[in-house]
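The sequence shown begins at 0 in numbering that gives the first Met the number 0 and counts up one residue at a time.
Source of the hints: derived by calculation from the structure; they are not laboratory data. Just so it is clear, the structure is predicted and the values come from calculations on it, not from any experiment. Be aware that a few hints might be false.
As the list claims (entries may be wrong) - Quick list of in silico lysine-lysine cross-link-like pairs, DSS-like style, CA-CA up to 25 Å:
| # | residue 1 | residue 2 |
| --- | --- | --- |
| 1 | 147 | 221 |
| 2 | 221 | 3 |
| 3 | 337 | 414 |
| 4 | 337 | 61 |
| 5 | 221 | 179 |
| 6 | 362 | 337 |
| 7 | 279 | 190 |
| 8 | 147 | 337 |
| 9 | 3 | 22 |
| 10 | 414 | 388 |
| 11 | 388 | 3 |
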Amino acid sequence: MVLKEVDTGDAYANLALSSALEKFKPGALDRAFATEAVYGTLRALNTLDWILNKHIRQPLEKQTSWIRNILRLGVYQIMYMDRVPPSAAVNEAANQARRFGHPGAVSFVNGVLRSVLRGRGEIRFPSLEEDPIAHIALRYSHPEWLVKRWLDDLGAGETIELCEANNRPAPVTVRTNTLKNTRDRLMELLKEEGQEVRETAYAPEGLVIGIAGLRGFAPFEKGLFQVQDESSMLVGHALSPAPGALVLDAASAPGGKATHLAQLMGDRGSVVAFDIHPHKIRLIEDNCRRLGITCVSPVVADARELPRDYAGRADFALLDAPCTGTGVIRRRPDSRWKKTPEMIPGILGLQREMLESIARCIKPGGVLVYSTCSVLEEENLGQVNNFLKTSGQFGLESLAGLLPGSLDGEESLDKGYIQLYPHRHGTDGFFMARMRRVT
């Protein structure tokens, strides 16, 4: 069971679910049901546990992983999946308990879920007025530490909107490979393939499509597009490298941004794509081969210690830094429970080292873009401001005119940065700042 693998094996939900679906090959309806059940249960984990702990004598943590996750899945179906008859959810959970549980587990699971079913209309979350952190954390299934941060930064209304956006499935967005076709032609082709397609709100190359699995899908295999969130596409426009330039991508794999930069350059110049993991270098190579891009050179290197022969040479550089991932929670339903505030100092230190390293590679007058998929200030503008103070060689440069679409109305663009949010922009939560080396 995918839920058990995530619970006990520290597996990633998307990989574990993909592996299970590949193994059992269910039909389209069963595939959609399994995806909703797994991702929904993981999204609502703290709420499900809170409900269950009101109906059992021993804490849920005392149960075996099999029983714990059978109960969670059963409660999720009862509380959130209207098309599943409650009796069917209880019966299936009992069957699973019979298969994976200890003696007596069947009656235990059956009794707990029937108790939840009887009392589901009486569930009362903590009051928003009296305890906003607990209310939002349980009502919208987010960690309390994140809710507290967002309440301080955004207020209650926007915090709820952000949590609601994180609980909705993220769209599948793709970037047109303009080296081979146009967005309009790709849209028509995808419609001919039976896809529902619409343009993205901001990125001029972007499309939102309905397909999830791309293996064997002809337009993908021919390199006509790359899967990439719209916010990630905008990073390429924030850098806007010139054709013929030397561009460094400090943490590149799997190569979505590197291939976009090459695309914006007309595949003319040199994009050096660094990554610390050799097996991820192959992902960059595979994407370049499929897309027909020749100017990207993948290199195994630690972004904290980039090769000295690049010092002071780059015209443009991108650091899409490792981060807490608080901007992509909607895509990774289990990630909200894996990050803790205790991890942040270590992440900040890594970001700082990488930023200082890539900065040494920029020539005078060159441009550096720093980005993350986070919505935490200390990883974003706070990190940039600290870098600018200690470096003394860089200054923020306006993004006005570089980012397409209606983003022109964002006040911070003239200052050289932008913070995107799922509930405001419909994209992943993403930060980007453009800096130029002035000395």
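Legend entry - Given hint residue 337 paired with residue 362 - CA-CA distance at most 25 Å: Measuring from Cα to Cα gives roughly 39 Å; hence the hint is violated.
Inset, instruction - Please work out if residue 279 and residue 190 have their alpha carbons no farther apart than 25 Å. - result: At roughly 32 Å apart (the allowed maximum being 25 Å), residue 190 and residue 279 break the hint.
Inset, instruction - Sort out whether residue 388 lies within 25 Å of residue 414, counting only the CA atoms. - result: Status holds; Cα separation ~16 Å.
Legend entry - Holds or violated: residue 221 to residue 179, with C-alpha atoms at most 25 Å apart: It holds: about 10 Å lies between the C-alpha atoms, which stays within 25 Å.
Legend entry - Pairwise hint evaluation, residue 3 against residue 388, where the allowed Cα distance is 25 Å at most: violated (47 Å)
Inset, instruction - For the pair we were handed, residue 337 and residue 414, check the Cα-Cα distance against 25 Å. - result: Given pair residue 337, residue 414 is violated - Cα atoms ~33 Å apart, limit 25 Å.
Inset, instruction - Quickly compare the C-alpha distance for residue 147 and residue 221 to 25 Å and report which way the hint goes. - result: violated (46 Å)
Inset, instruction - With a cut-off of 25 Å on the C-alpha distance, tell me whether residue 147 and residue 337 pass. - result: Answer holds: residue 147 to residue 337 is near 17 Å, not above 25 Å.
Legend entry - Given pair status - residue 22, residue 3, alpha carbons within 25 Å: Within the cut-off at roughly 17 Å; holds.
Legend entry - Restraint status (C-alpha distance of residue 221 to residue 3 at most 25 Å): Not OK: residue 221 and residue 3 at ~37 Å, beyond 25 Å, violated.
Inset, instruction - Would you check the hint for residue 337 and residue 61, treating anything up to 25 Å between C-alpha atoms as holding? - result: holds (20 Å)
Of the numbered hints given earlier, the model fails hints 1, 2, 3, 6, 7 and 11; all others are met.
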